[in-house]
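Peer 1: Spelled out, the chains give:
Number of protein chains: 2
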Amino acid sequence: MKKLVGNLMYGQSGGPTSVINSSAYGVITEAKRQSEFIKDVYVMKHGIEGALNEDLLLIGPNNEDQVELLKYTPGSAFGSIRHKLPDYREDDSKYVRLLYIFRKYNIRYFLYNGGNDSMDTCAKIAEYMDTIDYDVRIIGIPKTIDNDLPFTDHTPGFGSAAKFISNTIMEIYYDMLAYPKGKVTIVEIMGRHAGWLTASSALANLNGFGPDLIYLPEVPFSIEKFKEDVKEIYQKKKQCLVAVSEGITNEEGVFLSSSSGLKDAFGHFQLGGVASKLAQTVSNDLGISSRSVEFGSTQRAASHIQSLTDVKEAIGVGEEAVKGLVNGRDKVMVVIRRTSDEPYEIDYGFYDLKACANVEKKVPQAMINKEGNGVTKAFIDYALPLIQGENNNPYENGLQKFAKFK
Amino acid sequence: MKKLVGNLMYGQSGGPTSVINSSAYGVITEAKRQSEFIKDVYVMKHGIEGALNEDLLLIGPNNEDQVELLKYTPGSAFGSIRHKLPDYREDDSKYVRLLYIFRKYNIRYFLYNGGNDSMDTCAKIAEYMDTIDYDVRIIGIPKTIDNDLPFTDHTPGFGSAAKFISNTIMEIYYDMLAYPKGKVTIVEIMGRHAGWLTASSALANLNGFGPDLIYLPEVPFSIEKFKEDVKEIYQKKKQCLVAVSEGITNEEGVFLSSSSGLKDAFGHFQLGGVASKLAQTVSNDLGISSRSVEFGSTQRAASHIQSLTDVKEAIGVGEEAVKGLVNGRDKVMVVIRRTSDEPYEIDYGFYDLKACANVEKKVPQAMINKEGNGVTKAFIDYALPLIQGENNNPYENGLQKFAKFK
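Taken in sequence, the protein lines are chains A and B. Reminder that position 5 of the first sequence reads as -15 in the working numbering, one-by-one numbering, no gaps. Reminder that position 292 of the second sequence reads as 272 in the working numbering, one-by-one numbering, no gaps.
Treat the hints with caution; some may be incorrect.
Said to hold, decoys possible - For the chain B half of the interface with chain A, some residues (derived, Cβ under 7 Å), not all of them:
(1) 37
(2) 40
(3) 42
(4) 148
(5) 158
(6) 162
(7) 277
(8) 283
(9) 284
(10) 285
To be clear, the hints were calculated from the coordinates, so they are not data collected in a lab. Quick reminder that beta carbons are idealized off the backbone N, C-alpha and C, glycines included.
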């Protein structure tokens, strides 16, 4: 293996999670330990656009005091972006620009922290740099609350979102019990095609305050069946809590959400409004009082209830990515491998980057109940270890402290 | 003062808070210490309806292990109710029934934990019991996230809701900063006529991640002015976070919310949907991408981010109510009095129950900025002490532990 010495470039991409900055912390602190290979760490502001615009942040004495706070800071501390690179064979202008920047800053190590789309970006850059023989190693660091990346047991970000969702569902359920005649409460949870997050609401059932019904995008949704399900539960319990994914579709694959007709940069439809529609259906067709709750961006940003397991693993994939780079790894994504169920144990590995790009891992049938309105024990066994431990985030004056760069 | 010996009846009423059960904890533990006067504690299930239906829970060896958990449990652990008692001069049937129950269980002390409407219930029962000369002392224990009870510096429940709101707003704001071109995010916060909770979002500004605009029900809302405000902020910052109360009205006092036309037992209209309407206005009229967030019942149920100050005071008002009863206090509500600003210090007192009933305390003009779209330092100084301290709620398996009775 050739010894590469140079600078490292790191960036964040796609929707934030409450622990993506923990991965940044892992990258920055591990890069320091690898000073034989890595001289400076440059962070792209707003992902790949920061590289293209030469909007870079050098981690150094000016901002080192903020690095520690990354472990407790939600969002993307360095800015994120949704930017789809074209095929370099059709239009190489952005790649030429990137090469110029890489050369100018002597970038020999490139880390991109994101989900499926970000791995696509990584793979494309790696392919281009290969063709022009510029010596740079590229690794993708997984991140997504959606938990839909393949080849990794789970993704950093999922555990903390699942912890927020399951604990908040417990609170909403307990609150709903206050009145003798309750409502039908419908909670809408993120997840475009994969139901991992919505399924995680089921963890609240371990304490007896979880959803009565769960609808995932993996199961075609029938409004008639939904009404029957709700009616049955409500007749029995005089209240009903439903967890529903924003991404549920009918038999024909059409989203139930009130699509605004707008697409994002990757051509995805913006979703939302399913819970509100279903609550109206319950009120109008079943004559039962109902209300809807949408967690919205809170579920991916709730740093105040991070899972310590998730934070540690988010730091871990960052560190592992840096170790991988200096040990000659290239064109791979860091993956988490579960090595033991009881006790829960993991180690880290790598998987071919291109294989990870643009693939969505869905909730397998074995984790969904036969009726298609709940999860099985297999899901609980899978997800429960991921919400363990509290991060005890520091508060000052009753408010969380977040990292501020620049 | 005549020495009364007998049993105590306690109940919860109105919308839950994340700390109303801490007041129950204060009542139950203090009643034990006052065993010279108080023999048994009976809890009404679902407030006054539990008394009328003889649905009572005796606190004793069967359930004492759950009492400790009350300090961490949201919702109404014993059930709540919205039940408006008639004027006993017009219809005394429920009062006669209540008297029968009081006699049967030798109830000499009666505590009702709630908001404005609950103080009305308390006052009516007290008045009736006076007319028929049944010896019972009655005290109201304040509770409401809305902070709209008069004669008390603030109400238990407000501090924890304010802590959830300010910290979650910080997270949403930080998350919004991820993209170079942000959205207009409109967050809808509870508060029918009083804007205390919506105002508390401003605490997030202390860390630089708070709302750009705040609209309270105390200020008549103009859609034209709102659009100008948003446009100005967005042009400057390329993003804008708006905190808006569910209860804002136009100049004529008409709610902007998409009222379902349904009223609750007290004749109040059900509110909601303001943020979504305003987001549509921003998208359609200003052509700026927008989204809405409704905190819904989460803001009153978020036990996982309770304010320790609030929890301690909620326990305090419960204890103080019991001490008041055995010391001869009657027909009063416990109030919190701020005795020092720096350091923040309080003590407890009592105020005439009837004066507290059906009165709503609003945010004073001195706490609202001149433009009517934000708060002043006077509000921050008032509210900041109330969110101090973390309760460190116990988790088991990554999930909160809630009290379970019966």
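Peer 1: Starting from the hint list further up, note which numbers the structure goes against and sort them upward.
Peer 2: Going through the list in order, the structure violates hints 1, 2, 3, 6 and respects the others.
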